[in-house]
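Participant: Chain residues, written in single-letter form:
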Amino acid sequence: MNEEWCLGCHLCEYFCAFVNSGEKYMPKAFALNRQNVPNITVEEGDRINFAVNCRQCDEPLCKKGCITGAISVKDGVVTIDTEKCVGCFTCILSCPYGAVVPNKEGKAAKKCELCISNGGIPACVTNCPNRAIVLEEVY
Amino acid sequence: MPINYIYPEYEIIRDKNKCIKCKVCVRQCSNEAHTYDEELDCLYEHNERCVNCHRCVALCPTRALKIVKTDHTFRENYNFTGELINEIYRQAESGGVLLSSMGNPKPFPVYWDKLLINASQVTNPSIDPLREPMETKVFLGKKVSKVEFDENGEVITKGYPNLELSMPILFSAMSYGSISKNAHEALARAAQELGIYYNTGEGGLHKDFYKYGKNTIVQVASGRFGVHKGYLEAGAAIEIKMGQGAKPGIGGHLPGEKIGEDISATRMIPQGTDAISPAPHHDIYSIEDLRQLVYSLKEATNYEKPVIVKIAAVHNVAAIASGIARSGADIIAIDGFRGGTGAAPTRIRDNVGIPIELALAAVDQRLREEGIRNEVSIVIAGSIRNSADIVKAVALGADAVYIGTAALLAIGCHLCRDCQSGKCNWGIATQREDLVKRLNPDIAYKRLVNLLTAWNHEIMEMMGGMGINSIEALRGNRLMLRGVGLNEKELEIFGIKHAGE
Amino acid sequence: MKYVIIGNSAAAVGAIEGIRQVDKDGGIVVISKEKYHTYSRPLISYLIQGKVTEDKMYYRPLSFYEENNCKVMLGEEAVRIIPDKKEVELKGGKSVKYDKLLVATGSKPFIVPTEGLDGVENKFTFMSYDDAKSLEASITPDTRVLIVGAGLIGLKCAEGLNKKVKSITVVDLADRVLSSILDEKGSEIMKKHLENAGIEIILSDSVKAYEKNMATLNSGRKVPFDILVIAIGVRPNVELVKEAGGKVNRGIVTDEFQMTSIKDVYAAGDCTESLDISCNEQKILALLPNAYMQGEVAGKNMAGDKVKYEKAIPMNAIGFFGLHIITAGSYRGESYEFIGENSYKRLFINDNRLVGYIMIGEINRAGIYTSLIKDKVDLSTIDMGLLLQKPNLMMFPKDVRKQKLGVGHR
Ligand SMILES: Cc1cc2nc3c(=O)[nH]c(=O)nc-3n(C[C@H](O)[C@H](O)[C@H](O)COP(=O)(O)OP(=O)(O)OC[C@H]3O[C@@H](n4cnc5c(N)ncnc54)[C@H](O)[C@@H]3O)c2cc1C
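Chains as they are written, first to last, in this note's numbering: chain A, 105 to 243; chain B, 4 to 504; chain C, 974 to 1383.
Since the hints were derived computationally from the structure, they do not count as laboratory data. Treat the numbers as computed from the prediction; the structure is a model and nothing was measured. Just so it is clear, CB atoms sit at the ideal spot from N, CA and C, and this is done for glycine as well. Heads up, none of these hints are tricks.
DEER-style ranges, computed between Cβ atoms:
id: 1; chain 1: B; residue 1: E41; chain 2: C; residue 2: A1170; range: 29 to 37 Å
id: 2; chain 1: A; residue 1: V238; chain 2: C; residue 2: E1050; range: 48 to 56 Å
id: 3; chain 1: C; residue 1: G1206; chain 2: B; residue 2: L43; range: 49 to 57 Å
id: 4; chain 1: B; residue 1: T276; chain 2: A; residue 2: G126; range: 52 to 60 Å
id: 5; chain 1: C; residue 1: I1312; chain 2: B; residue 2: L43; range: 26 to 34 Å
id: 6; chain 1: B; residue 1: I120; chain 2: A; residue 2: R235; range: 36 to 44 Å
id: 7; chain 1: C; residue 1: S1308; chain 2: A; residue 2: G126; range: 39 to 47 Å
id: 8; chain 1: A; residue 1: G126; chain 2: B; residue 2: S123; range: 54 to 62 Å
id: 9; chain 1: C; residue 1: I1312; chain 2: B; residue 2: E51; range: 41 to 49 Å
The calculated DSSO-like cross-link candidates involving lysine-lysine, where the alpha carbons are at most 27 Å apart (straight line), are:
id: 10; chain 1: B; residue 1: K214; chain 2: C; residue 2: K1375
id: 11; chain 1: C; residue 1: K1375; chain 2: B; residue 2: K184
id: 12; chain 1: B; residue 1: K140; chain 2: B; residue 2: K217
id: 13; chain 1: C; residue 1: K1139; chain 2: A; residue 2: K211
id: 14; chain 1: C; residue 1: K1377; chain 2: A; residue 2: K178
id: 15; chain 1: A; residue 1: K214; chain 2: B; residue 2: K26
id: 16; chain 1: A; residue 1: K132; chain 2: B; residue 2: K69
id: 17; chain 1: A; residue 1: K211; chain 2: C; residue 2: K1029
id: 18; chain 1: C; residue 1: K1058; chain 2: C; residue 2: K1006
id: 19; chain 1: B; residue 1: K24; chain 2: A; residue 2: K208
id: 20; chain 1: B; residue 1: K26; chain 2: A; residue 2: K132
id: 21; chain 1: C; residue 1: K1363; chain 2: B; residue 2: K26
id: 22; chain 1: B; residue 1: K210; chain 2: C; residue 2: K1371
id: 23; chain 1: C; residue 1: K1284; chain 2: A; residue 2: K167
id: 24; chain 1: C; residue 1: K1279; chain 2: A; residue 2: K167
Output of the computed footprint for chain A on chain C, the stretches with three or more beta carbons under 8 Å from beta carbons of chain A:
id: 25; stretch: 1016 to 1030
id: 26; stretch: 1265 to 1276
id: 27; stretch: 1293 to 1299
id: 28; stretch: 1330 to 1344
id: 29; stretch: 1360 to 1367
Just chain A, with the same shape it has in the complex:
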């Protein structure tokens, strides 16, 4: 995520919420105030903006702290098993980036899983108009 190029347009948030909503048509995903929660957050400052989502840490504190064992790392992607999650939000307490959020019902935690279940290329990356968000593998 490069704040140099982030315009604070918030499109990443909307596309994230959309692709993770399960809806096929974007207007529907946001109709009737459905309050889909994105896994990415844009911070706005004085002439600076940037989006924050999960950094897919090598040593994820959210995973280590998870009290139910709902968080695991699969192929480098930190994943939350929402079935197992009871929404204690120890992960929110632990994540130094503030990248884990409660889901819209507030009953479980959710986070960016790099769109692995939405076709593989993160929607925030493809839809960032200024290439402020890129996907890079870090070894």
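Given the coordinates of chain A, work out where chains B and C with the ligand should sit on it, guided by the hints.
Facilitator: Leaving out everything else, chains B and C with the ligand in the frame of chain A:
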């Protein structure tokens, strides 16, 4: 409050069904044509502020927006068109000169579209550029007329400094100030990758861009902004700007509010002061004076760099070009009346100068007649829109072309022609930090590279079709052109036959 | 190399995963008094509540031991460590040899002897799967429950039982609920919230005596009950190490590599003490993240790595009836309080560092505050206005932001 005579030119249409109220339009419109009302959870359009630049349309994630030209009209009048009426209202209110930007949009003939290119059939077979060698490389500058050898057969003639281009295209002068730093970076990086040149324009060279010097033409204009020894030495060639196609005969004016810290340093003028380029160079009133400047610049750079003299295409352009060729310049750049600009008085933009196609034909013809065509290269500018325009230009005698508007379009310009406001939503013609960052040079430079790579392919295709495998063989090859819908006089100036002849 | 782990919970799992990051082959033996596959202790309240089913109780998948090549001895209790022989003796006489041993025995409920307690028929603690199961089996919709202790465990138990029983009364000697993790205002908010959910709370009072199904409080008040749950606190299981000659204070003492004073014997989790870096005091941090991370560090070191565990702080994330609390660090120094419509926040700044915070209701991105405490960030580099507003990364200086957001990460 006085009566507002002006009705908005465009209307923003929002499809409420599709709108998800993400407010990207609100955040992205520097003209504030969209606003959001928290209380009513509702988006408003302010048509009078819309310049139809399409930023909101392009970023709207659900494609809920479109901009249409208003169908509201004045009483129909062929003579006093709605536009004219509007302009009169505006001036009656402001008392000021009308300003606009980019090139002359008026319905004067576009001669490129009345020239057609030849192709080989049966005899002199065409060439497939994918299978056979095809050369689009060109050298700009004075050519030697005779090559001499010593007794061992080694060449002893010394050549002149030339610019080598991988294709007959350069990015035309757009100053840092009129366009943003990121736009400059995109042009510079694209020039470097493509093996061509970009032009600093009259605003000096930002310190970060000296590294692109090998692909940079540095300009010396009447304001002499940012000109110093290091600057002259940084570039591959030096261009003296005598005139500009969009506003022949007048100078330039970059308002103080655009002169921030960086631009002030680059232009070497105090922050916040207006940067005024005088209409003439105050030390040039004759070809002899011009010669002095050409040679001082050559002297200053050790005769290692070609010097370009850029003029606007005006009525007696051929004679002027002849004078320039004799002034010692290596390259003449001619800018036609459709050439772009960051800001020009509307009346001048729309009424002064001549079409570049005619100017080019006349200049090339004149220099040939005078036997001095080899003394100089000719680069033309002023609305080269595609690769076919380039092929036609070369066939009319150009060595290469400058592209400005097309380059800006490639990096996102939507030709809203509101550059003078400094609020370019695409981060091009603006110095506002938040807007400048909208243009990521990583993306923009690649788009330029893509565009010119594509054009170069097309040029090769067309050349191959004519059975020509090098730009050299196309240059001035007017037999390859025919006119359509042109009168005798026009055909005569172009030195071509009518289609069918 | 042969690793032996006593205990089968968070710290033990952390150790297994830690060992396996370093040593893929060495044999691991897990000795577990409880007869279950490793499960999440905090889930027991969710289990009685019905929010979690038995198959979701497990802390790691059922394939965990096999995948990590562990031999598990369920239902076996270690009774002695014999460091000279590098042996652990089990109840029943068997023994297990070790090269490296981890003690991850956790804690046990603390029970104060009270008059008449022995005569109470239906009394429980709330610490284990078995506790939960037997508690669940003995309640009916008509049950009146008395819980002694308004701490995390007591209140979690109350939440779990709510709506399943007729009434719940919680008694605590302290003058407020959750007194170990909240300040007065926070406690007050939670108390109201719990009361709104139908739980009766009696504070500044405790049980003087029991008489079958009746508790008499110090104040003289009498509380009838059918079921008693004692949740006044926990005590670390230190005996094994203590008897083997290892250093023990309140909890087992380890160095920063999680090794006890006995060579090749490590300890991790609720049975140990850690250095709380938010106030520089040795504390028992009986918290699952802490247990896991200590275990992981211990495991790595047992397998030959050399890593330190040095960022321990108290931290809690807990919710009751939809109202969430996140707290971390210690509450000292200057404090900044923010009261919202449905939220409460208090930040504690000491020596120009954030040392603790309390957030109730609005908890988003709290981990950023946690990281400020753990990393002991000097606040002179931080935009204080933004810090106080809400957790964000904008408050960090540009180079730190860039590094956090991964620019030039390659
Ligand atoms: C109801 C409840 C709710 C909780 N909620 C939270 C929460 O929300 N967040 C949080 O961070 N923490 C919470 N905790 C605390 C958390 O469960 C503990 O911090 C964590 O389980 C500690 O893990 P551990 O591995 O150190 O010890 P334990 O989980 O206590 O495990 C120790 C294991 O060792 C076994 N053992 C002990 N002695 C021997 C022996 N001699 N031989 C063999 N085996 C032995 C025990 O049977 C036990 O299985 C909660 C605890 C309870 C009871």
